[in-house]
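Engineer: Single-letter residue listing:
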Amino acid sequence: MEFANPFALIILTALSALVLAFILTSTGGRELFIRRVPGVDAIDEVVGRAVELGRPILFSVGLGGIDITTLQAITVIGHVAKIAARFRNRVIVPVVDPMAIPVIEEVQRESYASERAEEAFNPEDIRFLSGEQFAYAAGVVGIMHRERVGATFFFGNFAAEALVMAESGQQVGAVQIASTPDSNQIPFFLATCDYVIIGEEYYAVTALMSRDPVLRGSLIGQDYVKVILLLLIVLGFTLTTIMGPGHFLAKWFAGSGG
Amino acid sequence: MTFSPASVDTMVMLVAVVSTLAILSVVYRENAFYRLFEHLFVGVATGFGIFVTWRDALSENFWQPLSHGSWYVIIPMLVSLLFYTVMIPKYAWMSRFLISILFGLGAGATFRGFATEVFPQVKSSFLSVVPRAATEAGAAVSTGQALNNIVFLGTLICVMVYFFFSFRHDNKIVTKTARTGRWLLMIAFGATFGSTVMARFSLLIDRIRFLLESGTAMGHWFR
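Chains as they are written, first to last, in the numbering used here: chain A, 1 to 258; chain B, 1 to 223.
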């Protein structure tokens, strides 16, 4: 592996230690500041609008399998299902990867149980549609129209089907909120959704929604990792401008010695 | 009864035309025609998915090695079968072993991905902001490229500041930098939107052309 070198090991260890330090600080009881993200505040409002309309909520986790992006989306499902359960509303989750079904089912069941609304939870609302991108999109569009969904959530990895689904949400008059770390799909969500949580904000959602100290500490730790990387980039820029592209930092990062 | 290759082609074309029109009909409103073809699409895609799973995963990684005497491939197969215990409430807890393995693999891959994805990006960000001649270590940087690199560095700093969550945006410099980052992001999103819409229109034109050409071809067939 090109980047498996002592420098990568040192940097990764140092950055991981930084994140761990902030997690420990946060779990130790220190209140750490995280700025609000408008889109995150809108999540509760969007669920509320669907309840007012008396229509179910559709939550798409996109095309991802069981990965970090989908796990983040599943955490948001838990939060959305909790509010929906309070008002005995349904959360329909169509998925591409059948492996995600038991996890989402478990999360939703717990959310409904925590609000003592077990009877409102229907496991059939978590539906495997297809593993094929556009067949999945066609299925989601069909559900949106037939169920007349009041709110749609697009959280996860999306590709070309993003616009097809979000446009249908507009057609049925659903309040829409989207979030994806994929910068190629954000423009389409910006054009079709009421609220969009962009780029890195996606990973901040769960830390902001819950007051979980581990998540908050981790988010702040990652912020400091970004500061270090930014400083390294500025240093690299300065060195390249003064010394040319063959300087020691470029060599370290390229893993070619140094 | 036999069909000539030409008539089979025409029938395939007819199915493609009807399917295209059915799926596009949802643009007007959801209807029974769309619903029928939506379910056909999902069903066909799922059937195809099962075939691909057999061909690329089960046959290649399990059945063929097993039929050549590699009996040990039964072990991962038995472990993966634990996933189906979700169907039996009494034993559903066993599926969590598998789910936890998947989560662990995902977390590990992400950790490695940090080095393989972020480090090359950091390295490729080391650019010169002054024009320079070519050297052994790198190509020449023209005045235009140097200006481009300045824009790149400025955009990078502004956008990264926008994505800092633990810093209060009450300082004028931070607020203005973050706001500039937001604007720059929106300009980039606009450019992406424009170019992708152009690509989507090309796809639509291709589909309309297909419908028109098919219509002409089928007109000859029915005549």
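Heads up, a few of these hints could be off.
To be verified - Per the computed footprint, the stretches of chain B lying under chain A, defined by three or more beta-carbons under 8 Å from a beta-carbon of chain A, are: (1) 23–35; (2) 40–51; (3) 64–74; (4) 98–107; (5) 155–169; (6) 192–201.
Unchecked claim - Pairs of lysine-lysine residues, derived as DSBU-like cross-links and limited to a Cα-Cα distance of at most 35 Å, are as follows: (7) B:Lys123 / B:Lys176; (8) B:Lys176 / A:Lys226; (9) A:Lys226 / A:Lys251; (10) B:Lys90 / A:Lys226; (11) B:Lys90 / A:Lys251; (12) A:Lys226 / B:Lys123; (13) B:Lys123 / B:Lys172; (14) A:Lys226 / A:Lys82; (15) A:Lys82 / B:Lys90.
Because the hints were derived from the structure by calculation, they are not lab data. The beta-carbon is built from N, C-alpha and C at its ideal position, and this holds for glycine as well.
Engineer: Would the pair B:Lys90 and A:Lys251 pass a check requiring their Cα atoms to be no farther apart than 35 Å?
Structural biologist: With a Cα-Cα distance of about 57 Å, the restraint between B:Lys90 and A:Lys251 is violated, given a limit of 35 Å.
Engineer: Do three or more residues from the stretch 98–107 of chain B put their C-beta atoms closer than 8 Å to C-beta atoms of chain A?
Structural biologist: holds (count 5)
Engineer: Would you say the stretch 155–169 of chain B counts as covered by chain A, given the rule of at least 3 residues with C-beta under 8 Å?
Structural biologist: holds (count 10)
Engineer: Within 35 Å, alpha carbon to alpha carbon, are A:Lys226 and A:Lys251?
Structural biologist: holds (21 Å)
Engineer: Within 35 Å, alpha carbon to alpha carbon, are A:Lys226 and A:Lys82?
Structural biologist: The given pair, whose Cα atoms are some 33 Å apart, holds under the 35 Å limit.
Engineer: For the pair supplied as a hint, B:Lys90 and A:Lys226, is the alpha-carbon distance within the 35 Å limit?
Structural biologist: violated (46 Å)
Engineer: Check the hint pairing B:Lys123 with B:Lys176 against an upper bound of 35 Å on the C-alpha distance.
Structural biologist: holds (27 Å)
Engineer: Do at least three Cβ atoms from the stretch 40–51 of chain B come closer than 8 Å to Cβ atoms of chain A?
Structural biologist: Satisfied; 7 residues make the cut.
Engineer: Are there three or more residues in the stretch 192–201 of chain B whose C-beta lies closer than 8 Å to some C-beta of chain A?
Structural biologist: holds (count 4)
Engineer: Is the listed coverage of the stretch 64–74 of chain B by chain A valid when you require three or more residues with a beta carbon under 8 Å from a beta carbon of that chain?
Structural biologist: violated (count 0)
Engineer: Does A:Lys226 lie within 35 Å of B:Lys176 when you go C-alpha to C-alpha?
Structural biologist: With a Cα-Cα distance of about 19 Å, the restraint between B:Lys176 and A:Lys226 holds, given a limit of 35 Å.
Engineer: Does the alpha-carbon distance linking A:Lys226 and B:Lys123 stay inside the 35 Å limit?
Structural biologist: holds (15 Å)
This entry does not satisfy hints 3, 10 and 11, going by the numbered hints stated previously.
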